Amino acid sequence: MSVQQTDIYAIALHHRFQWEEAQNCYVILFPEGMVKLNGGAGEVLNQVDGKRTVADIVTILKAKFSDVPDLENDIVGMVELALEKAWLRQVN
Amino acid sequence: MTQASLGQSVVQKEIQAQNNGVAANITHTQPLWLLAEVTYRCPLHCAFCYNPTDYDKHTQNELSTEQWIQALRDARKLGALQLGISGGEPLLRDDIEDIVIEAKKLGYYSNLITSGVGLTEKRIQAFKDGGLDHIQLSMHDITEEINNFITNTKTFELKKKVAAMIKNHGYPMVLNVVIHRYNIGHMRQILEMAEALGADYIELANTQYYGWSLVNRSQLMPTKEQIDEAEKITNEFREKQGSKMKVFFVVPDYFSDRPKKCMNGWGEVFMIVTANGDVLPCHSARVLPNMEFPNVRDKGLAYAWNDSPAFNKYRGDSWMKEPCRTCPEKEKDLAGCRCQAFMLIGDAEGADPVCSLSPNHHVITKAIEDSRNPVIAAQPIIFRNDKNSKAIIAGEMDDRVKEFHALP
Numbered sequence: 001m002s003v004q005q006t007d008i009y010a011i012a013l014h015h016r017f018q019w020e021e022a023q024n025c026y027v028i029l030f031p032e033g034m035v036k037l038n039g040g041a042g043e044v045l046n047q048v049d050g051k052r053t054v055a056d057i058v059t060i061l062k063a064k065f066s067d068v069p070d071l072e073n074d075i076v077g078m079v080e081l082a083l084e085k086a087w088l089r090q091v092n
Numbered sequence: 093m094t095q096a097s098l099g100q101s102v103v104q105k106e107i108q109a110q111n112n113g114v115a116a117n118i119t120h121t122q123p124l125w126l127l128a129e130v131t132y133r134c135p136l137h138c139a140f141c142y143n144p145t146d147y148d149k150h151t152q153n154e155l156s157t158e159q160w161i162q163a164l165r166d167a168r169k170l171g172a173l174q175l176g177i178s179g180g181e182p183l184l185r186d187d188i189e190d191i192v193i194e195a196k197k198l199g200y201y202s203n204l205i206t207s208g209v210g211l212t213e214k215r216i217q218a219f220k221d222g223g224l225d226h227i228q229l230s231m232h233d234i235t236e237e238i239n240n241f242i243t244n245t246k247t248f249e250l251k252k253k254v255a256a257m258i259k260n261h262g263y264p265m266v267l268n269v270v271i272h273r274y275n276i277g278h279m280r281q282i283l284e285m286a287e288a289l290g291a292d293y294i295e296l297a298n299t300q301y302y303g304w305s306l307v308n309r310s311q312l313m314p315t316k317e318q319i320d321e322a323e324k325i326t327n328e329f330r331e332k333q334g335s336k337m338k339v340f341f342v343v344p345d346y347f348s349d350r351p352k353k354c355m356n357g358w359g360e361v362f363m364i365v366t367a368n369g370d371v372l373p374c375h376s377a378r379v380l381p382n383m384e385f386p387n388v389r390d391k392g393l394a395y396a397w398n399d400s401p402a403f404n405k406y407r408g409d410s411w412m413k414e415p416c417r418t419c420p421e422k423e424k425d426l427a428g429c430r431c432q433a434f435m436l437i438g439d440a441e442g443a444d445p446v447c448s449l450s451p452n453h454h455v456i457t458k459a460i461e462d463s464r465n466p467v468i469a470a471q472p473i474i475f476r477n478d479k480n481s482k483a484i485i486a487g488e489m490d491d492r493v494k495e496f497h498a499l500p
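Here the protein sequences line up with chains G and X, keeping their order.
Numbering follows the numbering used here, in which position 59 of the first sequence is assigned residue number 59; successive positions increment by one, without gaps.
Numbering follows the numbering used here, in which position 243 of the second sequence is assigned residue number 335; successive positions increment by one, without gaps.
None of these hints come from the bench; they were simulated from the model.
Accuracy of the hints is not assured; some may be wrong.
Here are the simulated DSS-like cross-link-like pairs (lysine-lysine), alpha carbons at most 25 Å apart as the crow flies [stated by the list, open to error]: (1) K149/X to K391/X; (2) K85/G to K332/X; (3) K36/G to K246/X; (4) K36/G to K51/G; (5) K169/X to K149/X; (6) K36/G to K338/X; (7) K413/X to K424/X; (8) K316/X to K36/G; (9) K36/G to K169/X; (10) K220/X to K196/X; (11) K353/X to K324/X; (12) K51/G to K62/G; (13) K85/G to K338/X; (14) K169/X to K197/X; (15) K169/X to K214/X; (16) K353/X to K424/X; (17) K214/X to K252/X; (18) K391/X to K405/X; (19) K494/X to K482/X; (20) K482/X to K316/X; (21) K36/G to K196/X; (22) K85/G to K252/X; (23) K51/G to K64/G; (24) K36/G to K62/G; (25) K479/X to K149/X; (26) K458/X to K482/X; (27) K36/G to K391/X; (28) K494/X to K458/X; (29) K332/X to K391/X; (30) K36/G to K64/G; (31) K149/X to K494/X; (32) K85/G to K336/X; (33) K336/X to K36/G.
Every value quoted in this text rests on a predicted model; they were computed, and no experiment measured them.
Produce the complete structure using the sequences and hints provided.
If you want it as structure tokens, here you go:
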């Protein structure tokens, strides 16, 4: 599945994304399982809200992490991975 | 943020519960999973129940609502995320609604593990409003005959109604089917039933032999050929059906060459609080000798997890004996299950006899042979009920438990 700049995503049904103080990371929770996300992955999914397009997310994170090169590919790669893992659903 | 911090390295830890075992890569202990066995009372009498056969001793001293809520708060502080509300049948308590509301407030991902008996429209609506995340329903077979036989109750029609209720309330449909001799021949039909019910997840849990299922081992164990066929059907179904429904097939350890990494390691990620407040690293730990398990009524969960001698006893690998101690594979399975080792060979530090490298592996071979012996297999099933629990406590069924080193 190829991710387009105009795509809008939300966290998949029956999944919950939240910050975990005890683990110091974002997690995804779902029936029978959980995934701890490292910093970069958590930052991307934290911007996914069912309203922002992929382009919006790229703009926001580029502003936040201006010193990181090639951010756009990283973000798209992360969204692709999250789709493959069924953590996200497309809303448009 | 760098490429290395994204892409394939994104998943630090992916952890999935699979009945008694989990797959994970853990660097430090944290009770990510809290299982609350809120009662041992149960309207079903399943022959394969893993609850202790002497559960009747623990039905009069259940924790109060306030004690459960305190336990939930304490476990959350320790890092617990996934909450299983189980039993017995948790719905026999009338305070599950309160427990659910507190779980939501604390940020747990909560799961009600139920037979469906006692789930009404009113209660499921209260669970939905309270923030319960999902419901795991046990199913037994596609036939009314086998369902009612193995659970020793007439619950077949009720389970279908409950499944529809779960779906109608927008819950993910999570089914658990314990697999044994009586339903293993219906694997394809069971999967088709799950698909027809709109299941999102189905766990096909081959019986593991603890508690009542150990007493009934010779009556329940399928053959190797049946298990291979069941796994083949499951794989074919997965291929045909794609990712719409996640199918977990829990491999039966008796037919493996190596033991399961039980509970993903003793005191690594799982913490169980039982009906009477005992805090355990696994479901059946109370069978182990010379162990005193902490109780939430005494010193609380932080002590239990971090400091209690019981939780520390089998962490790491310094307790291991040969052949495990020098085994190149010891990190993979941590010598298997302590309870199984003690129950079957009388040595809690020994290699799980499931391992083909164990000097005691013959007890497993013999158990498999016994299950194929028509005389032994024809012994009656001892169903899980109060009468049988009392009889086992009173020593009236010694001929069925004498080969084990503790009461299952």
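Checklist line | Enumerated hints in conflict with the structure, sorted upward | finding: 3, 5, 8, 15, 20, 22, 26, 27 and 29
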